[in-house]
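Q: Sequence:
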Amino acid sequence: MRRVALILLLNYSFMSAQTKTVVTTYGEKITIDPNGIGDNLGNHTATTTLNLNNNDISNVSTIFIKKEAQLFDKNTGNSNYFSLNKNNGIVGIYNSNTTGNALSINEVSSKTTFVTTQITKGTDGSLPQKDNVLISTDSNGNTAWLPLVKVKDALTFQFLNYSTGNSQYNTATFNDVPGLMVTYTAPVTGILSLQANLYTIIPDGVVTKTPTSVKTEMVLMVNGNQTIKGGASTITTATPSAFVNGGGNFPETTTILGQIPVTAGQTYTITVQARTADTTTATVGTCVGNYVHTEGVNSFSAYSTLMGTLFTD
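With mature numbering (1 follows the signal peptide of the UniProt record, and there is no 0) applied, the sequence shown corresponds to residues -17 to -1, 1 to 296, in that order.
Since the hints were made in silico from the structure, they are not lab data.
All C-beta atoms in this analysis are idealised placements derived from N, C-alpha and C, irrespective of residue type, glycine included.
Below, simulated DMTMM-like cross-link-like pairs (lysine to aspartate or glutamate); rule was C-alpha separation at most 20 Å, straight line:
hint, residue 1, residue 2
1, K135, D107
2, K133, D107
3, K104, D114
4, K49, E90
Quick list of simulated restraints, FRET-style, between CB atoms:
hint, residue 1, residue 2, range
5, T210, P234, 16 to 26 Å
6, T166, T82, 55 to 65 Å
7, P111, L35, 41 to 51 Å
8, N71, D136, 38 to 48 Å
Work out the full structure, taking the sequences as your base and the hints as a guide.
A: Laid out in structure tokens, this is it:
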């Protein structure tokens, strides 16, 4: 019996030790449970800055910010910061270094404005190169960096050649216009659009009869044996002495447009050829290429051209 009584007494003493009773200065007895529940911060209103002394806040459901949330640098030597704020319906990420928003979102339209943007990789993993463009690859907004020439339906300049001389004078057989020959390797599959702007010339020194008419024919050729398109011109002129200002070469201009399908990696030889097709005077013919005017300080040269533009499939 003594042992049982001793155990009961010790147990009572242990339970009593879980609480403490203190007497206030007013004689009131207050019992304190040191194992009570933790403090409920929701019952408090802070009257000054709350310093967590580098401790974390975890398991937060929702945070309500009245003004802004500032994010400082881990490097304490850098005092600049970014902040998240909302002002007059605009949500902003503010950069203290530039004293302005780096990003702004309009609450009505959701329009997002960036001060500067750097996209270092497409969603397909492609990396940007100089002069590349970022395109949408599907209706889901996936993107890829590509050279413009590889973008479907893109129109890109390929070449522009100038004549370096004239075709053979008064020759009935088609022959090359010097400088207007291009060896072209297609970067992609598509349609190569060609435009030849050509000067046909009757040199003033050969015009001996009035009137003199000469017909000239010109063609765009590919790989030396396939005519793409052709053009023709007729020049009718008087003798140089009939012109008040002394005459000179007699020119006519002709534009030829043509298209050829091209395949990526394939090489094509494109040339412009011309001939004197007919003339009213056997010794008077034409050539195609450079128009040259020589008259003192106003002398100049004009050149025939061949230009290629590619439509990408």
